[in-house]
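*Asks:* Chains as they are written, first to last, in my numbering: chain A, 1 to 304; chain B, 305 to 1222; chain C, 1223 to 1437.
It is possible that part of the hints are untrue.
What the hints assert, rightly or not - Result set (EDC-like, lysine to aspartate or glutamate): computed pairs, CA atoms no more than 20 angstroms apart in a straight line:
id: 1; chain 1: C; residue 1: K1299; chain 2: C; residue 2: D1380
id: 2; chain 1: C; residue 1: K1347; chain 2: B; residue 2: D764
id: 3; chain 1: B; residue 1: K311; chain 2: C; residue 2: D1365
id: 4; chain 1: B; residue 1: K616; chain 2: B; residue 2: D764
id: 5; chain 1: C; residue 1: K1364; chain 2: C; residue 2: D1285
id: 6; chain 1: B; residue 1: K635; chain 2: B; residue 2: E832
id: 7; chain 1: B; residue 1: K1129; chain 2: C; residue 2: E1267
id: 8; chain 1: B; residue 1: K333; chain 2: C; residue 2: D1365
id: 9; chain 1: B; residue 1: K314; chain 2: C; residue 2: D1285
id: 10; chain 1: A; residue 1: K298; chain 2: C; residue 2: E1422
id: 11; chain 1: B; residue 1: K411; chain 2: B; residue 2: E916
id: 12; chain 1: B; residue 1: K671; chain 2: C; residue 2: D1270
id: 13; chain 1: C; residue 1: K1347; chain 2: B; residue 2: E832
id: 14; chain 1: C; residue 1: K1299; chain 2: C; residue 2: D1365
I should point out that these hints are in silico values taken from the structure, not numbers from a laboratory.
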Amino acid sequence: MKPFNPRAVELAAPKQQRNWDWRAAANFICGGSGGGLLLVAAFAGLDAFATRVAVLLGLALIACGLTCVWFEIGRPWRAMNVYRHFATSWMTREAVVALAVFATGALAIFTGSVVLTVVVGACGLAFLYSQARILAANKGIPAWRHPASVPLMVSTGLAEGAGFAISAAALAGAGPGTRLLGLLLVLLAVRVWCWRRFLGGLTRSGAPVAALKVLDAFGPRFQTVGHGLPAVVLVAALIGLPGRSMTALLAGLLVVASGWVMKYTLVRRAAYTQGLAVDHLPVRGRGPSGPAAKPGWKMMPGGS
Amino acid sequence: MEAAQPKSVKRVPSYCYNCVSGPDLMNVKVVDGVATEIEPNFAAADVHPAKGRVCVKAYGLVQKTYNPNRISTPMKRTNPKKGRNEDPGFVPISWDEALDIVAGKLKAVRAKGLLDEAGLPRVAVSLGHGGTPSNYMGTFPAFLAAWGDVDFSFGSGQGVKCVHSEHLYGEFWHRGFTVASDTPNARYVIAVGANVDVTGGPCAVTRHADARVRGYKRVQVEPHLSATGACSAEWVPIRPKTDPAFLFALIHVLVRENGLQKLDIPFLRDRTASPYLVAPDGLYLRDPHSGKPLVWDENSASAVAHDTPGAKPAVAGCYRVGKAVVVDADKERREYSEVEGKTAYEMLSEHIEKYSPEWAETICDVKAATIRRIANEYLEAASIGETITIDGKTLPLRPVSVTLGKSVNNGWGAFECCWARTVLAALVGSLENPGGLVGTTVRLNKSRDNRHLSVAPGEDGFMVQYFNPTSKEEWQQSPSTRNLHQTLVPIVGANGAWSQALGPTQLAWMFQNERPDDWSMPMPTLPEVWLVYRSNPSISFWDTRHLAETVARFPFMACFAYTVDETNYMADVLLPEATDLESTQMIRMGGTKYMEQFWDHKGVVLRAKAVEPQGEARDFTWITTELARRTGLLEPYVKAINKGISGVSPLQGEGYDFRLDPATPPSSEQVWDAVCRAATRTMSEGREEHDLKWFEENGFYTVPMSRLEWYLTPTMEQHGLRYELPYQERLMRAGRELGRRLHEKKMNWWDEQLSEYTALPEWHDVPGRWIRNLEKSGAKAADFPFWLLTTKSMQYHAGGNAAIEVMHEVAQNLRGHAGVIMNAKTAASLGIAEGDRIEVRSHIGATYGKAALVQGVRPDTLVIIGQFDHWATPFARTMEAPSLNSIAPMSLDLTDATGSGADIVRVAVRRMEGRAAA
Amino acid sequence: MTRYVMTIDLRRCVGCQTCTAACKGANATPPGIQWRRVLDIESGEFPDVRRTFLPVACMHCGDPPCEHVCPTRATTKRADGLVAIDYDLCIGCANCVMACPYDARSIVHEPRYAYGDSPMASEAKRFDPARIGVSMKCTFCKDRIDHAERTGKVPGVDPEVTPACVNSCISGAMGFGDIDDPESSVNKLLAETQHFRMHEELGTEPGVYYVWDMS
């Protein structure tokens, strides 16, 4: 066996988390979209068939995400233990909500009930919110624990949901309605606002240099490709330029894809741990003390 | 934590002596017959300075025991060709066959005679790191004693990896084979490369931690920020190998800027040769009748013999002496009348004038103001006049010292450093006084267990010394060992158990290949039988590629083998011995031993067999007894055991007789049972007797010891003796005589080394020697702009545990392990990033490793931790770690007068192609 | 009340990794898994450089974020302050690994041995299948603390009920004891020194105190 070779210099600094790989990321990616889609489906004014398709798609997305996670956890055959800590664990809550999502979702598809669709939508929102809180509860990852990550995750889930709804409607041939297009435009605005608020807040409150580097590099692309471009396309569709279905589809896919890339970036690439730090360098004999050392962070006044 | 409930759990007391800073105490936890954990032995908390704790290395012993890469049966070589590229084709054989092969070779040697045609022993033995093997090799010393002449010349690093000049000069000046600060009382320590928090073992680490919390100040003077530097109050990044200049400047500040009145005048006057009058020719002025050195008696205003009762010798000044003689080399006597004699202190004062801090700044790259401040802090902290009472005796308290580290106190410049730091101690009276600089053991003198017993009056009011003779009649002109220790190094002597092994070990290796043109002694031969234990010179010496080629030429080699390694790859027979946890042995502990092992107790400790040996590995004592029996040496071997060789004390003494029958091969248990009983009888002065069984349960036995035993000065005072400082007349004469002998034999190849024999050391561009050496070999100095140094690692220390996975794992938490430490700015200027694979090239070869970029190293210096570059040792060979040893040359030019060298070489560095490894 | 805490005197620590190795031995952690280690942190620029040795492990927080997020209640904070993991409940979701701001937790999905694919006798003897695929971390040597409960011995005073790392520390940097006991040695040390707790601003109330100067 080749010897284990970490580098001492990297041990104290924030490290990219290695425990949640693409499978965990897939849960946030698919599950968030699914939850958002369920909510949007309830209020998007789709016809009954499209609503059923949308709900089904939403459930499928959530199921896909949870399946990925199931494959990731160390002890999949005890997965039911996940229900043991509703009091404080957002993962437990997510799992509980997932049950509600699937139960009400199945009923809604089966019955076509508008009321149930609204209930499913509420459950979808709850699922989305739970996921956002799962991330935010992780104090070990500064980019996640920032409070502004919650609205960001929720807003992107909703935007992706709307994107899916529009794409579904476009593919169904019916073509998305103005209400849905307008909703997506609004959600895009909200998402970009949440993103800027998140990144600005994170930069101000401090985060591992490596995490900020990833996010700073990602930001402009996210804003341009994920927001500017679909907004232009949406506006074009709204003002009645020809090929509305195709442009709406394009806009929807751009919103979904950019959201997914953003979540992958957040869950994987920018997910640097807190790292370890010394508040005061120790006094050795009659030597001096010293200022704090926090490898991998830009030292900020007042910060530690 | 065990999955299954254990049926039996026991804790077996033992010791760790994997480095020279041992022994430390531990327990082995054994679950159902399997060793599972190492734990401290808190039963020793009250007697052991580190409270019964062992360092990190001991925690690798469980893996060491069960390492699947161990040699588990005796093996013999099937490929007669030897070399790095020759698969030895080792095949398992029985112990009978293995022992018969080795004994057969030994018997053949005995039949021919122990010495060969060159007068050199036909049998050579190499034992590894710093005497540690003797704590694991059972009764093997008794076998060697029974055998007779053995050549210990083929070192695995002694002389070049140890603190060689400190061993020799430390023992010469103050019976300090190893020298330490009296840390429990210290207030100010200038550590020049002394990496005590890494190499000093738990005792040193504990004590220095206590001292830090107490508020002592340690100034670390070293080119890189070692762990010890990190834990010091101040780091002074000195230019490599310029330490003598720094220390000379400290003396300058004390002597020239502060002056005698601020120094410890009584100590200088009564305990040193400072008052001895020196003639203009540099020799002591002596009484014409008695031949005793003269001092100027301030009471009678006349020159009198140094030991004249009631005299008050003047420490400083020039005095006119009516009649006197000097005695030069070969006892040549010259008479003087009305001659001006300067005191030795005066000579020092004049000598040191030119070595000001401003001068030193240009050499050392340390600001003059810093040097001056440190010197003055040292003087102030010395608190001259303060006293301390220990066990009812009032002694001076001088809580300052200068300690030296590897590569500072060996190789060129080391004599100067050892001299300067000992003089610095003498100037303030801290030499061998509480709080000051203490020697902790002797190895070149007897008794090795009590250095005070080695103090006896010798010549000129100094301690007795046992130099190798340099007179025309007695000089050993035909070397008796392959490292020429008696021929070339007077100071190493031939009196102590270690004298031979501390000769110029690289000469033994170098001269196998080529000799100087004007060599006029018998050609060195290869030993017919070479026995190796815990030693891997093919990794741990220099120019290791060529050294391994030399090893391949040895005609017969038997190695006690743990795993295959780079040296035993060339062996003919491998003998797997039971390792640390698998065999039994008793050794001394406490008292005063190496490094900072000076205790308030002394006693003995048993390494009890905790688990059965793996495979066919056998207890070393059993192997040795079998070898003795098969070579027909059973009787002298058992008698040697009875004399106390290999044990602790003789097996027969006042009121007891545990001697073994010389006609019967004793079992290991019989041997150690007798040793246990004799040891306790001796230690307790007959009051107590404990057998092996008692020790297997209790581990150790101690009796209290007075702290007064830590300090030699009271003993010197008792004998009315002076330390041979600051003036080195005896060494100067010895050098002159040695030069004459060599020149009489038409040999000039040692002339450069003879320049070291001076009464007062001069600065001689020490680092320049390495630059000139590479230029001499045809390389351009500008092509090798960096210094490469090594530093030790507590996890590996000398590296005998490089095959142990857990040591590698935990060592990686510290920067630079298995890499090349370099200054981040320097690296940036060379386009080298953290983790890049780099080539470090000297004029003889290259070594490769990953760059470890730090701020805590001089921009002109690279550092490689430890000694790796393994190519045969399982596990270690996968580390891809670089090593200075692969690229440091062995050269007469780089060998000092003691026969020592230093771990330093000029190198170039470049990034290898390809992206940085993750 | 009892709350066991650890004190680490950074003035003493020399970075030797004895505690790291002792922990690996005491807890039989597989290669590459260190429930505790000593970090080697450099700060400043040549020649004004400092190197600090920082022992880190689970901080046994008063308000452990790992416990909050754990969906299975495998992670619990005990009445005596120890944060414990029930390996039989844990599903290995790694949420706690993400929640811990001290890099203290790890999950091993397959058995690992020091030398290749087969365990040595010492590894085989101690291999615990329950620890595969679940979250692991420093336990403050829980079994020893539990033993104290049964025997009346005092953690931090009696070695057999004191964490292995504390016992092993050759510089005497580590202490252990009940911070709610005014007579405990940890309390006395903290009273006479200046100290900090890491990332205290995160509200975790860590149970490890780092001493850096006298008070």
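*Asks:* Each hint should be assessed against the structure and marked as holding or not.
*Replies:* Hint check:
1. K1299/C <-> D1380/C: violated (24 angstroms)
2. K1347/C <-> D764/B: violated (66 angstroms)
3. K311/B <-> D1365/C: holds (18 angstroms)
4. K616/B <-> D764/B: The given pair, whose Cα atoms are some 17 angstroms apart, holds under the 20 angstroms limit.
5. K1364/C <-> D1285/C: The hint holds at about 18 angstroms.
6. K635/B <-> E832/B: Measuring from Cα to Cα gives roughly 41 angstroms; hence the hint is violated.
7. K1129/B <-> E1267/C: Roughly 10 angstroms separates the two Cα atoms, so the pair holds.
8. K333/B <-> D1365/C: holds (16 angstroms)
9. K314/B <-> D1285/C: This hinted pair is violated, its Cα atoms lying about 39 angstroms apart.
10. K298/A <-> E1422/C: holds (18 angstroms)
11. K411/B <-> E916/B: Violated, at roughly 32 angstroms.
12. K671/B <-> D1270/C: Judged against 20 angstroms, a Cα distance of about 14 angstroms means the pair holds.
13. K1347/C <-> E832/B: Given pair K1347/C, E832/B is violated - Cα atoms ~45 angstroms apart, limit 20 angstroms.
14. K1299/C <-> D1365/C: holds (15 angstroms)
When each numbered hint is compared with the structure, violations occur for hints 1, 2, 6, 9, 11 and 13.
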